[in-house]
Amino acid sequence: MRIGINARLLGVGPFEGLARYTVETTRAMALANPKDIFILFFDRTPQDTSWFKDCTNISSEIVYLPTRHPVLMLIWFESLLRKALIKAQIDVFYSADNFLSLSSQIPTVLVCHDLAYLTYPQGLRWDHLWFYRKFMPLYLKRAEKIITVSNFVKQDIIRNHHIKEDKITVAGNALPVRMESELDIENDQLKPGKYFVYIGSIHPRKNISGLIQAFFDFRDKIKGYKLLLIGRLAWKTEEIRLILDDPDIVKLQNVEDKHLMAYLKKATALIYPSFSEGFGIPILEGFAAEIPVITSDVTSMPEVAGEAALLINPQSIQSMTAAMEKIVHEPDVRDRLIALGRERLDDFSWEQSSARIYQQIEEVKKD
Numbered sequence: 001m002r003i004g005i006n007a008r009l010l011g012v013g014p015f016e017g018l019a020r021y022t023v024e025t026t027r028a029m030a031l032a033n034p035k036d037i038f039i040l041f042f043d044r045t046p047q048d049t050s051w052f053k054d055c056t057n058i059s060s061e062i063v064y065l066p067t068r069h070p071v072l073m074l075i076w077f078e079s080l081l082r083k084a085l086i087k088a089q090i091d092v093f094y095s096a097d098n099f100l101s102l103s104s105q106i107p108t109v110l111v112c113h114d115l116a117y118l119t120y121p122q123g124l125r126w127d128h129l130w131f132y133r134k135f136m137p138l139y140l141k142r143a144e145k146i147i148t149v150s151n152f153v154k155q156d157i158i159r160n161h162h163i164k165e166d167k168i169t170v171a172g173n174a175l176p177v178r179m180e181s182e183l184d185i186e187n188d189q190l191k192p193g194k195y196f197v198y199i200g201s202i203h204p205r206k207n208i209s210g211l212i213q214a215f216f217d218f219r220d221k222i223k224g225y226k227l228l229l230i231g232r233l234a235w236k237t238e239e240i241r242l243i244l245d246d247p248d249i250v251k252l253q254n255v256e257d258k259h260l261m262a263y264l265k266k267a268t269a270l271i272y273p274s275f276s277e278g279f280g281i282p283i284l285e286g287f288a289a290e291i292p293v294i295t296s297d298v299t300s301m302p303e304v305a306g307e308a309a310l311l312i313n314p315q316s317i318q319s320m321t322a323a324m325e326k327i328v329h330e331p332d333v334r335d336r337l338i339a340l341g342r343e344r345l346d347d348f349s350w351e352q353s354s355a356r357i358y359q360q361i362e363e364v365k366k367d
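In our numbering, the protein residues as written are 1 to 367.
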């Protein structure tokens, strides 16, 4: 079988959620199915393809037109990519970034990571919001099979777009493979066990303003702690940028996977108070680092965390502050969460998720 992979997000690093999912699931499928041919379709010359160096059945093609604008995405998917898939004699197209070619006749397995344009529309630029509202329902209808990263997203799709349940399969995220190698770090601003850490883009949907206010309230009561924010500054961050000058807030961008685990392991806890998520990979990263995790009690996050995290109301500053205080003052709670996190991590693996995806690809090919 010849499987085409939408690799347009893999051209430029560092990888975030959608690109990471594409890499990990494609790599796992290729290793488990050596007789199949996997062809990566990039929209630019990739900076790094070392992720696939041990996969002899993966090749790549560049369909050049960098797609960082909705209009360019339409041209790429509906014209350039469609022709490239035909030329490469692709049997099934696998797209893990929410988008596909409506005009292509090739069977498609689509991954939908969330319906943020419905659950948190204020977090999107107007042109992206328009694009999602217009095309996402069409993409979901066009795809032969849909993969979601959580049952929450699956039910969201069924409820909002009236897609049949048997068309949708849940295949969750897992711990990034390269996080398993760890290098130590030194940072004069951070003392081990004396900082809370957040991982993810600095974006309104992630509730960074609320997190910072909760940390300030925590700091008023308990001295000596800092807040470490690891992630890139995204859209609508003007107000947050002003707060970041506080000496107790440490901001790091582009932290490599091999260093990330070291920052996590030395933290007091990971706090992830997002307003809306399709999954929430940082929750797993906190479990892997064997530190307590604090996360929101909405959307997919309780599903991912299970009983292994302190759940907070992301709309409540007091709820976040109280959770931070609880971690510091109650070591038995801390120890219990760490133990539960280790167990919970066993429920997520790329091998398991990729096997579920590959099963859907096989079904589409047979049809």
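Just so you know, the hints here were simulated from the structure itself, not pulled from any lab data. Among these hints, one or two may not hold up.
Unchecked claim - Calculated pairs, EDC-like style, for lysine to aspartate or glutamate (alpha carbon to alpha carbon, straight line, at most 20 Å):
| no. | residue 1 | residue 2 |
| --- | --- | --- |
| 1 | Lys266 | Glu303 |
| 2 | Lys266 | Asp367 |
| 3 | Lys167 | Asp188 |
| 4 | Lys326 | Asp246 |
| 5 | Lys191 | Glu325 |
| 6 | Lys87 | Asp48 |
| 7 | Lys194 | Asp347 |
| 8 | Lys191 | Asp245 |
| 9 | Lys223 | Asp257 |
| 10 | Lys35 | Glu16 |
| 11 | Lys35 | Glu290 |
| 12 | Lys223 | Glu256 |
| 13 | Lys141 | Asp156 |
| 14 | Lys134 | Asp156 |
| 15 | Lys223 | Glu330 |
| 16 | Lys365 | Asp156 |
| 17 | Lys365 | Glu16 |
| 18 | Lys154 | Glu144 |
| 19 | Lys141 | Asp367 |
| 20 | Lys258 | Asp91 |
| 21 | Lys266 | Glu363 |
| 22 | Lys223 | Glu325 |
| 23 | Lys154 | Glu325 |
| 24 | Lys194 | Glu144 |
- Item | Satisfaction of hint between Asp257 and Lys223, Cα-Cα up to 20 Å | Cα-Cα ~30 Å, so violated.
- Decide if the proposed pair is consistent with the structure: Lys258 and Asp91, CA atoms, cutoff 20 Å inclusive. 36 Å, violated
- Message: Holds or violated: Lys141 and Asp156, Cα atoms, limit 20 Å.
- Response: 14 Å, holds
- Message: Next pair to validate is Lys223 with Glu256; report whether the Cα-Cα distance is within 20 Å.
- Response: 30 Å, violated
- Has the given pair, Lys266 with Glu363, been kept, meaning a C-alpha gap of at most 20 Å? 45 Å, violated
- Item | Satisfaction of hint between Glu325 and Lys223, Cα-Cα up to 20 Å | 11 Å, holds
- Query: Does Glu144 lie within 20 Å of Lys154 when you go C-alpha to C-alpha?
  - Reply: 15 Å, holds
- Hey, Lys35 versus Glu290, does the alpha-carbon distance stay inside 20 Å? 38 Å, violated
- Pair hint outcome, Lys141 versus Asp367 [Cα-Cα no greater than 20 Å]: 17 Å, holds
- Message: Against the 20 Å threshold, does the CA-CA distance of Lys134 and Asp156 hold or violate the hint?
- Response: It holds: about 17 Å lies between the C-alpha atoms, which stays within 20 Å.
- Are the Cα positions of Lys194 and Glu144 separated by 20 Å at most? Given pair Lys194, Glu144 is violated - Cα atoms ~50 Å apart, limit 20 Å.
- Query: Between Lys154 and Glu325, is the straight-line Cα distance small enough, at 20 Å or below?
  - Reply: 35 Å, violated
The structure fails hints 1, 2, 3, 4, 6, 7, 9, 10, 11, 12, 16, 17, 20, 21, 23, 24 (numbered hints given earlier, in ascending order).
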